[in-house]
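Enquirer: Chains as they are written, first to last, in this note's numbering: chain E, 7 to 265; chain C, 7 to 265; chain X, 7 to 265; chain A, 7 to 265.
Derived by calculation from the structure, the hints in this document are not laboratory data. Be a bit skeptical, because a hint or two may be false.
Which copy? The list can't say, so a pair holds if one copy fits it or any two copies do.
Derived pair list, reagent style BS3-like, types lysine-lysine, alpha-carbon separation capped at 27 Å [unchecked claim]:
no., residue 1, residue 2
1, 120, 148
2, 138, 120
3, 42, 56
In this text the structure is predicted, and so the values were computed from the model without any measurement.
Protein chains: 4
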Amino acid sequence: MSTTKKSSRVKTEMATLDVDSITVRGHNLVDELIGKIDIADLFFLEVSGKLPRPAESRLINAMVVAIAEHGMMPSVIAARLTFLGAPESLQGAVASGLLGAGDTFVGPSSNVAKMLQIEAAAFDGSMAEKAKSIVELYTSTKRRIPGLGQPHHPVDPRTQKLFDMQRELGVPTLNTELMLEIHRFAVQKLQRPLTLNAVAAIGAISSDIGLDWRAVRGIGLIARTVGLIGHVLEEIRMPQANAIWDLVQQATDYSDPHP
Amino acid sequence: MSTTKKSSRVKTEMATLDVDSITVRGHNLVDELIGKIDIADLFFLEVSGKLPRPAESRLINAMVVAIAEHGMMPSVIAARLTFLGAPESLQGAVASGLLGAGDTFVGPSSNVAKMLQIEAAAFDGSMAEKAKSIVELYTSTKRRIPGLGQPHHPVDPRTQKLFDMQRELGVPTLNTELMLEIHRFAVQKLQRPLTLNAVAAIGAISSDIGLDWRAVRGIGLIARTVGLIGHVLEEIRMPQANAIWDLVQQATDYSDPHP
Amino acid sequence: MSTTKKSSRVKTEMATLDVDSITVRGHNLVDELIGKIDIADLFFLEVSGKLPRPAESRLINAMVVAIAEHGMMPSVIAARLTFLGAPESLQGAVASGLLGAGDTFVGPSSNVAKMLQIEAAAFDGSMAEKAKSIVELYTSTKRRIPGLGQPHHPVDPRTQKLFDMQRELGVPTLNTELMLEIHRFAVQKLQRPLTLNAVAAIGAISSDIGLDWRAVRGIGLIARTVGLIGHVLEEIRMPQANAIWDLVQQATDYSDPHP
Amino acid sequence: MSTTKKSSRVKTEMATLDVDSITVRGHNLVDELIGKIDIADLFFLEVSGKLPRPAESRLINAMVVAIAEHGMMPSVIAARLTFLGAPESLQGAVASGLLGAGDTFVGPSSNVAKMLQIEAAAFDGSMAEKAKSIVELYTSTKRRIPGLGQPHHPVDPRTQKLFDMQRELGVPTLNTELMLEIHRFAVQKLQRPLTLNAVAAIGAISSDIGLDWRAVRGIGLIARTVGLIGHVLEEIRMPQANAIWDLVQQATDYSDPHP
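All chains, please: the whole structure from these sequences, using the hints.
Expert: See below:
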């Protein structure tokens with residue numbers, strides 16, 4: 007390869023080390039961060055470059071706690087089965103489960119935030135008019151509005167809890183109000199009840215505390231990581247993967263392909 | 007497959023759902039956890055089945071913050087290069103980086119905890135005698151003692167900070183004292199300075215707050231996840247992966263294999 | 007959870023086992039497949055349910071060989087850095103590199119196949135008219151036409167080689183001809199030379215041998231897996247990850263964030 | 007970071023590119039490899055630096071075919087559940103399944119090769135004496151001898167098939183004979199029948215064709231990749247992940263933890 011070309015440089019605003027100190031996003035790690043901030047603060051600092059206010063930090067903690075643990079979810083089953091095959095690698099089992107944190111389950115919170123931060127902002131008018139335009143846009147293009155509908159809960163008990171916290175903590179509620187308006191118009195337009203789910207709350211509250219819509223998936227990824235660690239540790243203490251495998255084997259019907 | 011065999015059951019103590027409530031490790035999620043616990047508490051609950059005391063929670067937060075962000079580390083470079091190839095999948099880039107959280111960088115904190123919780127406990131005698139036995143065991147079998155040595159920092163500034171917090175918070179310090187004794191004997195035995203690194207502090211403090219040694223890797227995995235999310239978000243705003251690739255290409259010398 | 011609900015069944019046409027035989031897609035594994043088919047045949051059988059003809063098999067082998075190994079590519083660097091952190095897990099390093107086989111590098115061959123199989127088929131007219139419609143569609147919506155352009159090679163030497171093989175083997179060439187027409191119109195429309203790259207050949211030939219467009223990514227995934235295994239084995243014999251890390255560290259400039 | 011330090015170089019014997027040619031392990035890719043070698047040859051070239059003889063190539067193909075597809079195995083279930091959560095990423099689903107190719111299912115073939123290539127070679131004496139020493143070593147340290155035992159098949163029909171091929175193809179059989187001796191002594195020592203499984207055949211034959219024991223896992227990884235691609239494609243055509251999830255949910259019993 008050519009060596010005459012001027013050498014590339016790599017830029018970052020994340021962190022730097024020297025012999026006796028570590029700087030994380032402009033802060034001395036030991037003097038200013040360790041012992042002074044929690045994991046939620048760290049996440050906010052990582053993705054936005056600044057520390058959150060206490061109310062914002064509490065909301066991030068609440069959102070992660072709300073979605074971290076639901077029992078035998080698909081990503082948990084995947085992680086447990088991966089651990090059965092590769093017990094030498096805790097990180098492999100966790101990564102295997104994390105790979106399912108995509109468009110179906112974790113993406114929608116980010117899509118809610120994008121809808122509120124980007125798509126609604128492109129429409130003129132009052133909040134009600136923006137909400138109406140969003141519902142028209144989605145229904146006319148047959149796209150599902152993210153944040154609406156939930157298989158297990160006709161009313162998602164986490165949604166109200168998170169919105170209550172937001173109000174009590176005195177954080178701005180502009181995006182939450184817009185989400186509620188969208189819900190209202192969608193129910194009216196589609197003529198059927200639609201659960202306003204936890205994903206809607208997370209997308210709206212994240213937007214109200216200033217998180218970029220692309221960072222919102224981070225909340226789901228942290229929640230999944232914590233939950234997956236818990237399940238893999240339970241798998242070590244009380245292995246279930248063989249029982250799961252056996253269940254699937256017994257329920258499987260094979261037939262020849264008809265190409 | 008046979009269907010006469012009695013159907014397997016799957017057991018868990020993690021969580022369960024019904025139509026209007028979610029139970030996480032014996033607690034009603036909405037009433038008892040959301041808004042009341044933080045991410046560190048959730049991690050402790052996930053892996054141990056009980057909530058930590060406030061001092062324990064603060065130490066978990068401090069340990070995660072201490073190791074989450076160090077700039078352009080190998081796992082970060084891997085995640086950024088993965089994102090270059092697969093920008094459709096934030097979780098894929100994070101998982102790619104997380105897969106490097108293995109025996110070299112994250113495993114040692116777990117190995118410290120195992121050394122303190124299991125290996126030292128197998129020796130008789132006073133704390134000093136146990137420490138001496140551990141050093142003899144490792145040096146006689148030419149194994150490296152985990153928690154000692156650090157490439158960047160002759161003194162690791164995070165170690166003292168974490169031990170100071172532990173003492174100020176009034177948490178038991180038995181495992182930390184044992185680790186300090188091991189450090190003392192190792193320096194004496196090997197006749198050279200050895201950095202007591204952050205990994206030693208994390209293994210010891212985790213043991214003192216009652217975490218199973220296998221759960222200690224979880225602290226590293228959460229820290230990595232948060233840090234990797236931060237770097238992938240920076241990669242979206244300010245792409246560096248092509249510059250990294252270019253650097254490596256320009257510095258690479260190929261020669262034919264001599265099989 | 008409810009147990010009154012009728013138990014789910016799982017259907018598959020892939021394989022089944024009993025005490026003394028294994029059936030893979032309708033074939034007895036030991037009697038009909040082992041020793042009689044190669045890896046390329048197996049791939050074709052897996053994704054289409056039938057065995058390829060010899061010419062089709064040779065083309066699959068050729069396509070995988072064409073894209074498997076290019077030296078220090080981003081996915082290879084990621085895999086080597088992951089192995090540095092987690093040397094206990096060969097599969098983790100390979101998986102880490104595989105995660106970069108997404109929309110940027112591997113997806114385009116699948117997009118070529120989709121363009122030829124689905125998008126072009128939706129237009130009426132002669133092959134030339136379909137090709138012209140495709141170029142209009144992509145340029146009017148400012149989408150990049152997949153298969154055109156290549157950073158390293160003004161002429162991609164693999165493309166002609168693969169098309170020559172296809173013709174010599176007497177396989178149908180309808181999709182390849184359509185791809186050539188699209189190339190011709192694109193050059194004419196954009197008024198600049200455009201490399202017809204290996205991705206175009208793979209998308210077109212795969213379509214001509216009857217692979218579903220979604221299966222075409224499989225060719226890239228197999229190629230990557232083989233190449234990544236080779237690089238991780240070289241990393242074991244001759245470690246380079248620390249040198250790569252060092253290069254990046256030395257070339258990195260940190261600045262504080264301006265949130 | 008310091009810039010005075012002499013810049014690192016990265017060495018490789020895998021591949022290099024220039025404007026009009028690609029060199030893979032000493033061979034011109036277009037002129038010498040595409041159309042002339044198959045995927046098995048490519049794997050051998052990648053890991054050993056030389057091309058295999060035709061008989062060696064046929065054995066690699068046979069070994070991959072023998073273990074690629076067994077229906078609803080744990081890694082397949084993991085990949086399908088991952089795809090349910092992240093349908094945007096075929097590579098993520100495949101990687102998720104690949105992460106289970108660890109010590110339990112894929113590692114043993116590599117362990118067989120290590121036992122034959124390294125451990126047995128350390129003993130003096132005739133082949134029978136080496137085999138006896140190996141059995142003594144494993145049984146006295148209560149380690150399971152890799153390659154012996156199989157849950158589904160009292161006789162593994164793949165083993166004999168692969169050994170027959172090896173003999174018919176006139177490849178050296180020294181490692182296979184050693185494995186058969188080990189099997190004989192193990193049955194005699196443990197006084198019970200032990201299936202000589204496909205893993206034993208793969209470890210022995212790989213050793214007889216000159217593959218380094220660490221490269222043997224590569225055969226399992228390629229086999230898994232091909233099989234996982236097949237299953238994810240079936241999942242696209244005929245989704246089963248929700249049925250699997252439902253099965254597990256219905257069979258799960260939750261109880262509160264007793265910390």
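Enquirer: If a hint holds in the structure, say so; if it doesn't, say that too.
Expert: Results for each hint:
no.: 1; hint: 120 - 148; in the structure: both (18 Å within a copy, 22 Å between copies)
no.: 2; hint: 138 - 120; in the structure: within (16 Å within a copy, 35 Å between copies)
no.: 3; hint: 42 - 56; in the structure: both (14 Å within a copy, 24 Å between copies)
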